[in-house]
Amino acid sequence: MNFVLQAFAVARKDLAIELRTKESLNAAGSFAIVILLLFSFAFDPGSDETREIGGGLLWIVFAFAGALVFNRSFARELPNECLDTLLASPLSAASLVIGKSLANWVTLLVVEFVSLFVFGIFYNVSWVAHLAPLAAVFALATWGVSILGAIFGAITVNLRLRELMLPVIIYPLMIPLLIGAIELTRMILNNEPASPEELLWGRILIVFDVVFTSLAVILSDTILVN
Amino acid sequence: MREKVVIALAAAAALLLAYNLYQIFLVLPDEALQGGIYRIIFFHVPAGIVGMIGFFIALTFAVWYLVSGDLRHDSLSASIVEVSVVFTTVNIVTGSIWARIIWGAWWVWDYRLTSQLVCALIFFGYLLLRRAIDEPTQRARLSAALTIFGCVDSVIVWKSIEWFRNNHPGPVLTIRTGGGHMDPAMEHTLSLNFLAILLVGAALALVRMRQESTAREIDSLRRAAHV
Amino acid sequence: MTHALELSAVWKFFGDYAALRDCTLSVSEGSCCALLGRNGAGKTTLLRILGGLTAFQRGAVTLLGEKPRAENARRQTGFLGHGIGVYEDLSARENLHFFARIAGSGNLSSLTDTWLERVGLARVPTMPVRQFSRGMRQRLALARTFIHSPKILLLDEPFTSLDDRAIAMLSELLAEARQRGATIVLSTHQLREALAIASHVALVENGRLRYTGERTQEMLDDPALLYRLHTELGSPQ
Numbered sequence: 001m002n003f004v005l006q007a008f009a010v011a012r013k014d015l016a017i018e019l020r021t022k023e024s025l026n027a028a029g030s031f032a033i034v035i036l037l038l039f040s041f042a043f044d045p046g047s048d049e050t051r052e053i054g055g056g057l058l059w060i061v062f063a064f065a066g067a068l069v070f071n072r073s074f075a076r077e078l079p080n081e082c083l084d085t086l087l088a089s090p091l092s093a094a095s096l097v098i099g100k101s102l103a104n105w106v107t108l109l110v111v112e113f114v115s116l117f118v119f120g121i122f123y124n125v126s127w128v129a130h131l132a133p134l135a136a137v138f139a140l141a142t143w144g145v146s147i148l149g150a151i152f153g154a155i156t157v158n159l160r161l162r163e164l165m166l167p168v169i170i171y172p173l174m175i176p177l178l179i180g181a182i183e184l185t186r187m188i189l190n191n192e193p194a195s196p197e198e199l200l201w202g203r204i205l206i207v208f209d210v211v212f213t214s215l216a217v218i219l220s221d222t223i224l225v226n
Numbered sequence: 001m002r003e004k005v006v007i008a009l010a011a012a013a014a015l016l017l018a019y020n021l022y023q024i025f026l027v028l029p030d031e032a033l034q035g036g037i038y039r040i041i042f043f044h045v046p047a048g049i050v051g052m053i054g055f056f057i058a059l060t061f062a063v064w065y066l067v068s069g070d071l072r073h074d075s076l077s078a079s080i081v082e083v084s085v086v087f088t089t090v091n092i093v094t095g096s097i098w099a100r101i102i103w104g105a106w107w108v109w110d111y112r113l114t115s116q117l118v119c120a121l122i123f124f125g126y127l128l129l130r131r132a133i134d135e136p137t138q139r140a141r142l143s144a145a146l147t148i149f150g151c152v153d154s155v156i157v158w159k160s161i162e163w164f165r166n167n168h169p170g171p172v173l174t175i176r177t178g179g180g181h182m183d184p185a186m187e188h189t190l191s192l193n194f195l196a197i198l199l200v201g202a203a204l205a206l207v208r209m210r211q212e213s214t215a216r217e218i219d220s221l222r223r224a225a226h227v
Numbered sequence: 001m002t003h004a005l006e007l008s009a010v011w012k013f014f015g016d017y018a019a020l021r022d023c024t025l026s027v028s029e030g031s032c033c034a035l036l037g038r039n040g041a042g043k044t045t046l047l048r049i050l051g052g053l054t055a056f057q058r059g060a061v062t063l064l065g066e067k068p069r070a071e072n073a074r075r076q077t078g079f080l081g082h083g084i085g086v087y088e089d090l091s092a093r094e095n096l097h098f099f100a101r102i103a104g105s106g107n108l109s110s111l112t113d114t115w116l117e118r119v120g121l122a123r124v125p126t127m128p129v130r131q132f133s134r135g136m137r138q139r140l141a142l143a144r145t146f147i148h149s150p151k152i153l154l155l156d157e158p159f160t161s162l163d164d165r166a167i168a169m170l171s172e173l174l175a176e177a178r179q180r181g182a183t184i185v186l187s188t189h190q191l192r193e194a195l196a197i198a199s200h201v202a203l204v205e206n207g208r209l210r211y212t213g214e215r216t217q218e219m220l221d222d223p224a225l226l227y228r229l230h231t232e233l234g235s236p237q
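Chains as they are written, first to last, in my numbering: chain A, 1 to 226; chain B, 1 to 227; chain C, 1 to 237.
Hints are not guaranteed to be accurate.
[What the hints assert, rightly or not] Derived Cβ-Cβ restraints for the label pairs, each shown as a range: (1) C:Arg123 / A:Asn26: 30 to 36 Å; (2) C:Asn107 / B:Arg222: 49 to 55 Å; (3) C:Thr24 / B:Leu127: 38 to 44 Å; (4) C:Glu66 / A:Asn26: 43 to 49 Å; (5) B:Ala225 / C:Thr24: 22 to 28 Å; (6) C:Gln131 / B:Val86: 53 to 59 Å; (7) B:Ile49 / A:Pro193: 38 to 44 Å; (8) C:Lys67 / B:Arg100: 57 to 63 Å; (9) B:Val172 / A:Leu38: 32 to 38 Å.
[Said to hold, decoys possible] Reference excerpt, derived from the structure (chain B facing chain A, CB under 8 Å, subset only): (10) Leu128; (11) Leu129; (12) Leu142; (13) Val152; (14) Val157.
If you're looking for bench data, these hints aren't it; they were derived computationally from the structure. Glycine included, each C-beta is placed from N, C-alpha and C at the ideal position.
If we strip away everything but chain A, and leave its shape as in the complex, we get:
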């Protein structure tokens, strides 16, 4: 069974469990909506300013809601020692990490689009015309978040205080990714014409994704086989 099929099998399994329990979806989704609501007290929704800060707002929401998603990612392998069973199977550690990242990615994207929808309503920001570029940015940036969530989920899976440590470790690492995502989202929502800047941030997102996915694949065995 090749690497891609293995990763898809893992992703499918995780998503099947997620669909059945909806743990992460519900938690992350409600959390996202609550944050959007809270921000409405901090800023004046509906003003022109909102479109300026919209990018930042959305990605802060996604980053925090994301923590709920990737906290579960490897943790769900702990009961009944399923992680051991997976490692003892022909699955490579790398396909396990990529598979979980894929599942995180899909789950997060769902949360993001729901949040975008709610954001548009709460803050009176129209985004429908920009759906394609937004989807591209969401997809690229969310992959970076997911792969970090997956590999660091693996690093912290057996540790006490995992739920506290995982966000603390990941968020600073994510900063370049978030900056790029925020800038691009802001430019898209503000209807700024395509510029070399956009290309630059797009490249940063791609570089981030490629570099960290490669590192995750290379280090997966070291991290998971203790």
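For chain A, the structure is supplied; the task is to place chains B and C on it using the hints.
Same frame as chain A, but now just chains B and C:
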């Protein structure tokens, strides 16, 4: 043997520091535009550079550990990270003080200061991670992995924040107010203090490494006793 | 003679503490080796190393001629640890389907159904494991371990906490496995059960292999013999 090296390093550092302090406070004149506060640069800049170099030296030892399996490499790597976090913090705090005097604000979103803050946070996470793992071999492997991620990410952080600041300009902390040049006497003292701080860092790292070795010994005795 | 499993001068360290010291063991194909030893002796660590779950610092380990982490080695291995290794939120069928798939088996549907039938879970294929009784979970765990007809079976204290029905099932599955030439390594406290089915024994104490060899009639008659002869404390407790 290592004790002798530590003492030698510490002594050399002390002497150099003493000489530099004399130079900084008693010999060099105030800078034309910034006044007396510019003296903070003699600590701010070297601390920042030594901290950053430290993270990459730690990276080398972390990778070496993964290859060799020798826990001493891990101890050295961890010690250097710890010392580097301290120096990076010194860099950030002195930068903040400098900003307060020059710009009137305790924090300015200068791209270097911001990047240093992010790097400090990344490796602060490293220290937290090490605390959370009891078993030394597992701790070494996972720390090495985080060091690799952290250092690679630091490069990307620096570049992104710099580019971000290009689009959203803000105040920049720099001594080169007069158009890009620093007085040669100041440059000289800056370099010497860089050396002094490097020596202090090396001495501290070696002391810390000894503590790590002892802790490992205690851990293995504990494990033997429990069987 | 081909050895299915070989450990050669293996050391495993936790920090500076050696949990396994200079362990050398050869398990020939088709044999059943009982790993005996007190708690904390290193049996689980040894099994985990064989299963590719735990790294080791010195020495060499091969399963069917390959490294433990090699895909081919793991494809032919069935591992049953302390946990049952199944997902609570999935059904029995979904669990078996998944594990059979990643083990590289074909004909997943019919294989899954056959095994559900075999372990007596055919009537509850879609019930989530969360709602299973303990006995049902144990039987599902057995199905998961044997479903891909592994050539090597690594079992960590399999008889512990199994109910009678599950023990019977396990014994049957092990006998069947031996008939098709599989190699079994199982660690256990239960001397009698283990010695009854084992062809070889290996005694672990304080991380060292104190004795490896064939299981003899004397051992069957007096299970504590090994401990008395080869360990420092002299009793199996």
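Going through the hints against the structure:
| no. | hint | in the structure |
| --- | --- | --- |
| 1 | C:Arg123 / A:Asn26: 30 to 36 Å | 32 Å, holds |
| 2 | C:Asn107 / B:Arg222: 49 to 55 Å | 51 Å, holds |
| 3 | C:Thr24 / B:Leu127: 38 to 44 Å | 40 Å, holds |
| 4 | C:Glu66 / A:Asn26: 43 to 49 Å | 44 Å, holds |
| 5 | B:Ala225 / C:Thr24: 22 to 28 Å | 27 Å, holds |
| 6 | C:Gln131 / B:Val86: 53 to 59 Å | 54 Å, holds |
| 7 | B:Ile49 / A:Pro193: 38 to 44 Å | 40 Å, holds |
| 8 | C:Lys67 / B:Arg100: 57 to 63 Å | 59 Å, holds |
| 9 | B:Val172 / A:Leu38: 32 to 38 Å | 34 Å, holds |
| 10 | Leu128 | 6 Å, holds |
| 11 | Leu129 | 6 Å, holds |
| 12 | Leu142 | 5 Å, holds |
| 13 | Val152 | 6 Å, holds |
| 14 | Val157 | 5 Å, holds |
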